Every structure is written in C-alpha cells, then in structure tokens.
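Engineer: One letter stands for each residue in the lines below.
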Amino acid sequence: MKTRKLALILLFVVLALIVTGCWNRREMNDLAIAIAIGIDKSGKQFRLSAQVVDPGEVAAKKGGGTRTPVTMYQATGNTIFEALRKMTTVAPRKIYMSHVRMLSIQEDVAKEGIGKVLDFMSRDHEVRTDFFIVIAKDTSAANTLKILTHLESIPANQMFSSLQTSEQAWAPAVTVTLDKLIADIVSEGKHPVVTGLRIRGEQKIGESKRNVEEIASPAQLQYSGLAVFNNDKLIGWLNEEQSKGYNYIIDKVKSTVGVVACPNGGKASIEVVRSKTEVKGKLMNGKPRMDVNVRIEANVGEVECSMDLTKTKTISELENSTEKRAQSIIKMTIEKVQEKYKVDIFGFGEAISRYHPKYWKKVKGEWDRIFVDLPVHVNVDVKIRRLGTVGNSFLEEMKKKE
Amino acid sequence: MLENGKIGVRQLTILVILISIGDAILVLPSIPAIEAKQDAWISVVIGLAIGLPIVYLLTIVGKLYPGLTVVEYNEKILGTWLGKAISLFFLSYLFFSAAAHLRESSDFMITNIMPETPIMAINILFLGIIVMGARLGLETLTRTAEILFPWFILLLLMFILFLIPQADIKNMLPVLGEGIKPVIRGSIASAAFPFAELVVFLMVFPYVNQTNRIRRSFLLGALLGGIVLIAIVALSILVLGADLVARNIYPSFFMAKKISIGNFLERVEAILAIIWFISIYFKITLYYYAFNLGLAQTLKLREYRFLTLPSGMILLLLSLMVAPNITYYNEVISKYWPNLDFTYSILLPLLLLGVYALRKKFKRNM
Amino acid sequence: MWAIAGIIAVIIAIIMFEAPSLRRKQLRKELWVFSILLLIGFGLGVAISLHMKLPPALDWIIVIYKPLTDALIGLLK
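Residue numbers (this note's numbering), protein chains in the order written: chain A, 38 to 439; chain B, 597 to 962; chain C, 25 to 101.
Source of the hints: derived by calculation from the structure; they are not laboratory data. In this text the structure is predicted, and so the values were computed from the model without any measurement. Any given hint could turn out to be false.
Below, computed lysine to aspartate or glutamate pairings styled on EDC-like, alpha-carbon distance capped at 16 angstroms [as the list claims (entries may be wrong)]:
| hint | chain 1 | residue 1 | chain 2 | residue 2 |
| --- | --- | --- | --- | --- |
| 1 | A | 131 | B | 712 |
| 2 | B | 766 | A | 156 |
| 3 | A | 401 | B | 774 |
| 4 | A | 217 | B | 764 |
| 5 | B | 777 | B | 764 |
| 6 | A | 420 | A | 354 |
| 7 | A | 420 | A | 356 |
| 8 | B | 853 | A | 167 |
| 9 | A | 291 | A | 308 |
| 10 | A | 373 | A | 277 |
| 11 | A | 289 | B | 764 |
| 12 | A | 368 | A | 278 |
| 13 | B | 854 | A | 167 |
| 14 | A | 217 | A | 175 |
| 15 | A | 81 | A | 175 |
| 16 | C | 90 | B | 927 |
| 17 | A | 420 | A | 360 |
| 18 | C | 53 | B | 899 |
| 19 | B | 853 | A | 163 |
| 20 | C | 101 | B | 712 |
| 21 | A | 395 | B | 927 |
| 22 | A | 317 | A | 269 |
| 23 | A | 217 | B | 839 |
| 24 | A | 398 | B | 774 |
| 25 | A | 148 | A | 175 |
| 26 | B | 672 | C | 83 |
Computed from the model, here is a short list of chain B residues facing chain C with C-beta under 10 angstroms [stated by the list, open to error]:
| hint | residue |
| --- | --- |
| 27 | 811 |
| 28 | 910 |
| 29 | 932 |
For each residue, glycine too, the CB sits at the ideal point set by N, CA and C.
Let's have the full structure, built from the sequences with the hints guiding it.
Structural biologist: Structure follows, in structure tokens:
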C-alpha cells in the first residue's frame, strides 16, 4: 500500500510540473495591445504601423497628462508577418492583435493587390474578423493612425464608430470586415469595394495634443469615397453620389438624406428611414438582364421652398421627384462603373449564379465583359410617410408677409 | 473481473449522440464544403442516409451473440486463429483511431489557443483523463456522459441560437448548383466519421441491460447526432459562406468567434470550445477503453485495467507519430480514413454474418 | 539523455503502480502482456526522443487504401 501511494504521488508531481497553460501565458503587462494597424509601402517592402494603447494614459482618472493615450510603432519587412515581428525592435512587448479595430491600407499598396496583406490576417489565430478595413487616400496609412481625436481618447475607436455610424446614417460609407472582404475577392460574381479614409486639415498638428486642445481640431479623419477593386487590386474611386448609389444597390442603406427639387423650385431634404433593395437577374433569350427594385420609406426632413405640405398632391409630387432622383443616382453609378471600371462590384454575377446556375457556369469566366453591356432596369418606389413635427414650413408664412 | 458494469438504454443513446458528434462537429464541415461547396449540408444529409443502414447492420451483428463483444464472437464464428487475427486487426484500428483523434484535438488547441505549447504537454494532460476514464469502466464513463450531456446540449443550443441572426440564406444558393456528384463525393466522409465510426459500440452492446431495445436506442442516437451535424454544417454555410467553410480548418470555431449579441456577448468562443472537448473526450476514451477491453478478451486475460497505463504510454507516443504535419493528417483523414472505417463497419459485419449463416446451414444439413 | 531518463522514470512508476497487484493475484499471463507493452512503449519512446527517422504511422493506411480511394473518386468525378 505504501509503495502504491508513493508511486501515485510521484506520478502526480511529474504531471503537475507540466501544467500546460504556463507555456502560453501572457500577462497583461506583457501585451502591447494594438487597436489599429496601418500598412504602407516602403520601396519593395511593407511598412507596418501599429497604434498601441498606453493603458496608463487611457485609464487615468485625472485625465490628460502630457502623454497621448496611444502610441505608434513601426517596422519594415518583406512580408506583413516579418514586419510585425520586427516591431519588437522598437516596441517593448510583442504586439497583441486580438483587439485590432481598424486596418488602414495605403492606396499604393492596394493598387498592387491587398491579397498579400490579407493572408496573414486570415491565417493568424490572434487576428479576429470583427475589425473594419479602410484605404488611406492621399496620405500614408501611418499618418491616419497618428491623428488624435476629441470624443474618443483612442483614435481607433473613433474611426471604428465613425465608420459604423456613417454607414448607418449617411450612406456613402461601407463597413468591410476581413471575412466579407476575402469572400468578395474570391467570389467570381462580385468585386470588393472598400471605404476611403483621408485626413482633412493639417497633419502635423493632428499628431500632437494640440489637436484636441482647440475646439475645432485642426486635423480630422474623414471617410470619403469608395475604392473600387478588380479582384484585389484597387482601380479607382467612386465619388459621394456614386457611393450612395452603390450602397442602395447592395441594400446597405439604413438611413440617409437626399436633396430633391421642390415642385415649384427650391430644395427639400428627404430623410430615408427604411430602404430595401432586391436585385434579381433574369434571362431573356439567353441574355441576362438585371432588375433592381428599391423600396424606400421616407420623411420630409427639411423644406427650403414654398409648397403646401398639407395637400396629398404635393406629397406625391415629392415622392415622384425623390424616385427620379434616386433612380438617376443608381443608374448613373451603374453606368459609370460599367463604362470606366468595367468590374462587377454590385454582385450582379452572384445574383445570377443563385438563380440561373447553368447559365452562370457557362459565362462566369468572362462575366466582367458581359457586365459592361448588361442592361439594368432600376425601379424605385418611395413612400413619404411623415413630415417631422410641423406641417407647413414657417417659411410659407414668412413669404406671405413679404 | 473484465467488465461487469451495466448501462441503460437511455445512457446508450446519450453515448451514441456524443460519439457520433465526436470530432465531426469541429472538423467535418470543411471536408464536404471543399467538394460540394454550398451544398455541404446536403452531403451530410446523404451521409446520414448512408450511415443509418450501416448502424442497422451493426445492430444485427450485435444480436448474434448478445452477451459477447465483437472480439469474443469473432473467434466463435471464424474459428480461434482467424478470429483472433481479425480481432487484433480490429483492435489496432481502434488504437490508431484513438491516437489520431488525440492528435487532432491537441492540434486544435495549439493552433487556436496556445500556439507555443508543445503538443506533448497537452497530450499528457488529456491522456491523463482518458486513461482515468478507461480504467473506471464503462458504467462510470457513461454516467459521466449523462451528467455532462445537459450542459453539452445547452451550450450547443446557445451556439446555434446566437449565430442565427448572422445567417444569410443567400449563402446557400444555388442549391445543387454544381450537380449531385460533388455532393456525393463529400458524403463519403460525412457517412464515415459520424456513423461508420460507431462500430466501436460492437464492444459495448453486451453491457447494455435491455438487449431487445438496443436497436431502437442505437438508431435513435445516431439519428439525433446526425441531425445535430446537419444543423451545424448548414449553419456554417449560412453564416460564413461556402468559401470560408472550405478554407478554414476548424470552421465551427471560426463561427463561434463571430458571436456578437447586442455588442455585449462577444468573444465567447473559448466557452463554446467546451462542447467540442466533451464530445471528443468521450469518443477517444471509448475507443481507448474498447481497445484495452478487447485486448484483454482476445488474449484471454483476466483483467484489463492494468493494460491502460502501458498502452496509454504507447498511445501518447503514437499520437506523435501519426502524422508529421497537419497537411499530411488532413489529406489522409479526408481521403483514406473513410475507407478504413467502412472496412470495419461494413465489411467485417458482413463477413461475420455471412460465415455465421453458412455455419448454420452446415449444421442443419449435418 | 534526459528524455530517456524521463521515459525510464515513467516506466518504473507504471511498474510500481501496477505490478504488485498483478503479482499478488498470480496473474502470470497478464504480467507477460504488461511487460511486452511496456517494452514497446520503451522502444517507441527512445526512438522518438532520439529523433530517429520514423515513417508516419498512417502511411500503411495510404498504401492499403489508395487503389480503393482512387477508384471511388474516379467513379464520382
């Protein structure tokens, strides 16, 4: 009995010495938590920038020491992974990627193909897919990570929330996560689209605390335009109106504002509160045709003209103008893309593949060529429901007094 | 004493559900998705359709000698020497299977959660509870399964429920867009891993206390396990899309990372890993237990418990030798292992039934 | 060097754990099987710790089942 107990104890001791978790333990103060990553080109190599949280500064209750809440480390390498590890030559700890919220890729890198950048992100176990990807326009990605922001002490959070809110409240911005981007790159019926980020104002000041010491920050991060990709290479940009059209087609508009002309001259702002788009592909005599049906529910948000909102006729006239406006924006976007960029970013190919798989199998190799001349029929149906809290604008009364 | 535990019919069903889900819940979705793309879930349905008859076949063989395990009646049907030889082959299959599964689950842990940990460390710890489970015997093992089962189901339901908001039916279209052949190619593995690998239960049947109800509960367990797998594969296609499911080695884990309820319930994938560990643990332990028990029975030993420690050591070492890297492992498992499964779950029962029938005829004619 | 010592330590621990009860119960055949298994374990352990080139254990599955798999896939292409 005694030897048995001894053997047991021995066994336990041996086993306990090999407690697995210890191998991979990373204490909190061993982590450099990166919340934003930027990728630029540097000659033939990649320059990786990581915006890392300075926990002492962020948590400080006294608020606002002389240090910035985040710091940035940079490294250059032949591949992303190599650059990331090289960063340890300047950073005191190994970069921890699980909390990244934004990935900013410089335009020039995107022009050569973002696929090379994304493989590391998809393969590494620390990198999750819940961060947004944007293209840094007219500036380097590193610069976009250096701007300090007012409302959020951590700039990456501001970029994240801004993109999310912007997508929901003002359509020409699109949130792109890693898995959706990869799916779009790989898909034969859709090419990806990524939002562009630029810096408005003075870069130099933006990098210092002076940016948040004045009421109007001298430098701000602004989302502007959508980048059009051919598979994984950036080939061009959509302007604001075209971006809106794009968002309508892929049914990502949650709420936005459109300015339409009043029946008697002048402008009115129509607030879209609900929008649903259905894209259907039809085959007519073996040739494809797309139908885009948009259903919009809207309110009158702002009136700058003279019209009588108490009459239903005015409302239906407004609805008509809105429909025409939306339709023209969408059609214009499709035509512009067909003419200039010649890649199917709207997913028309995917729509065809879903319901006409046999036809799709035949043509999917040359879909982009077919896309250029693809007839698209756009139909918009707008229903204006409410006018806000007032009926007729007081401007009407004002006019009467004159 | 070799094994004098007894398990009830409901416990059998629970055990079958856990074993058929086994490791398939983690690695199965990507295998049919590579061939059938968005129709991977149909592959699993066909797999279930192929698997149920196999399971039925197993119950027929089990009924021939209700009080004996397969290695015992191997000798009765095929004669002492041929029977022993086939039993040894069968046992080696069980052993290699346990080693491969051990390697697979440790690889999963290392890839996703603890990349710098050497595989030996995880293997040894996991092996500890496997050996313990095997030594404690069938009855204890099954009771443990019974206890863990409600938690397993709870977490599984949570997993599925929390992901439904992210499901997009468009990811499943076009249905059968590439035709039926890729779907059938994918169904080979889908039939093998969850259902053909239930052949281990030929070692368990004698210890179920209500022999006449074995068939029903066994089939029920396989059916329920199959339904869970169909749901998981379908869900992964709906949430991730065919490309990501095929590309990821552990699609369910990737899916679990995406759970986000109200911006508040996020990053819970480590908790859901508990599901997979429960099901994999029971699969490996049952296989390992069956090996030890079978070895003792084949060699006419009077005990099996003492075998567990040395064979545990060999299991540990074998799991390292099974494959040099994960590419080799994935290729062998997805292409060749199903045939091995079918050899023992279809060929062996048919052989036994055939010889048994022939012998009966001879006896009658004599 | 240390690995082999470790393996021997584990084997001794296993023997100390199981052998006495076997010997007490006079289970001779069992002791034989026990020792054979331990021997196999020892051999494998030494081979692995000395980093000898061993073929991957699943190779034999490929050898046996390759023709069947190829036929099956060919049938279903």
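Engineer: All hints are to be evaluated individually against the structure, with a verdict given for each.
Structural biologist: Structure-based check of all given hints:
Of the pairs offered as hints, the one joining residue 131 (chain A) and residue 712 (chain B) holds, with about 14 angstroms between alpha carbons and a cut-off of 16 angstroms not exceeded. Under the criterion of a C-alpha separation no larger than 16 angstroms, the hint pairing residue 766 (chain B) with residue 156 (chain A) is inconsistent with the structure, at around 25 angstroms. Distance hint between residue 401 (chain A) and residue 774 (chain B) is fulfilled; the C-alpha atoms sit about 13 angstroms from each other, no more than 16 angstroms. For the proposed pair residue 217 (chain A) and residue 764 (chain B), the alpha carbon gap of about 13 angstroms is at most 16 angstroms, so the pair holds.
Our distance criterion of 16 angstroms between C-alpha atoms is broken by residue 777 (chain B) and residue 764 (chain B), whose separation comes to about 25 angstroms. Taken as a hint, the residue 420 (chain A) and residue 354 (chain A) pair is honoured in the structure, with Cα atoms around 11 angstroms apart against an allowance of 16 angstroms. Using a Cα cut-off of 16 angstroms, the hinted pair residue 420 (chain A) and residue 356 (chain A) holds, with the two alpha carbons roughly 6 angstroms apart. Between the alpha carbons of residue 853 (chain B) and residue 167 (chain A) the distance comes to roughly 9 angstroms, so the proposed pair stays at or under 16 angstroms and holds.
Straight-line distance between C-alpha atoms of residue 291 (chain A) and residue 308 (chain A) comes to about 11 angstroms, which keeps the hinted pair within the 16 angstroms bound. Annotation: proposed proximity of residue 373 (chain A) to residue 277 (chain A) holds, straight-line Cα distance about 13 angstroms (limit 16 angstroms). This hinted pair checks out: residue 289 (chain A) and residue 764 (chain B) have alpha carbons roughly 14 angstroms apart, not beyond 16 angstroms. A distance of roughly 11 angstroms separates the Cα atoms of residue 368 (chain A) and residue 278 (chain A); the hinted pair therefore holds under the 16 angstroms criterion.
With a C-alpha separation of about 8 angstroms, the suggested pairing of residue 854 (chain B) with residue 167 (chain A) holds against the 16 angstroms cut-off. Straight-line distance between C-alpha atoms of residue 217 (chain A) and residue 175 (chain A) comes to about 25 angstroms, which puts the hinted pair past the 16 angstroms bound. A distance of roughly 20 angstroms separates the Cα atoms of residue 81 (chain A) and residue 175 (chain A); the hinted pair therefore is violated under the 16 angstroms criterion. Of the pairs offered as hints, the one joining residue 90 (chain C) and residue 927 (chain B) holds, with about 12 angstroms between alpha carbons and a cut-off of 16 angstroms not exceeded.
A C-alpha spacing of about 9 angstroms is found between residue 420 (chain A) and residue 360 (chain A), which places the hinted pair at or below 16 angstroms, so the restraint holds. In summary, the hint linking residue 53 (chain C) to residue 899 (chain B) is supported, as the alpha carbons are separated by about 10 angstroms, within the 16 angstroms threshold. This hinted pair checks out: residue 853 (chain B) and residue 163 (chain A) have alpha carbons roughly 11 angstroms apart, not beyond 16 angstroms. Only pairs whose Cα atoms come within 16 angstroms are accepted, and residue 101 (chain C) paired with residue 712 (chain B) is rejected, the gap being roughly 41 angstroms.
For a cut-off of 16 angstroms, the pair hint linking residue 395 (chain A) to residue 927 (chain B) is broken: about 31 angstroms separates their Cα positions. With a C-alpha separation of about 26 angstroms, the suggested pair residue 317 (chain A) and residue 269 (chain A) falls outside the 16 angstroms cut-off, and the hint is violated. Of the pairs offered as hints, the one joining residue 217 (chain A) and residue 839 (chain B) holds, with about 11 angstroms between alpha carbons and a cut-off of 16 angstroms not exceeded. Of the pairs offered as hints, the one joining residue 398 (chain A) and residue 774 (chain B) holds, with about 9 angstroms between alpha carbons and a cut-off of 16 angstroms not exceeded.
For the given pair, residue 148 (chain A) sits about 13 angstroms from residue 175 (chain A) by alpha-carbon distance, which is consistent with the 16 angstroms threshold. Restraint check for residue 672 (chain B) and residue 83 (chain C): not satisfied, since their Cα atoms lie roughly 32 angstroms apart, outside the 16 angstroms limit. At a threshold of 10 angstroms, the smallest CB-CB gap from residue 811 (chain B) to chain C is about 29 angstroms, leaving the interface hint violated. Of the supplied interface hints, the one on residue 910 (chain B) holds, with its beta-carbon coming within about 5 angstroms of a beta-carbon of chain C, less than 10 angstroms.
About 5 angstroms separates the beta-carbon of residue 932 (chain B) from the nearest beta-carbon of chain C, less than 10 angstroms, and the hint is met.
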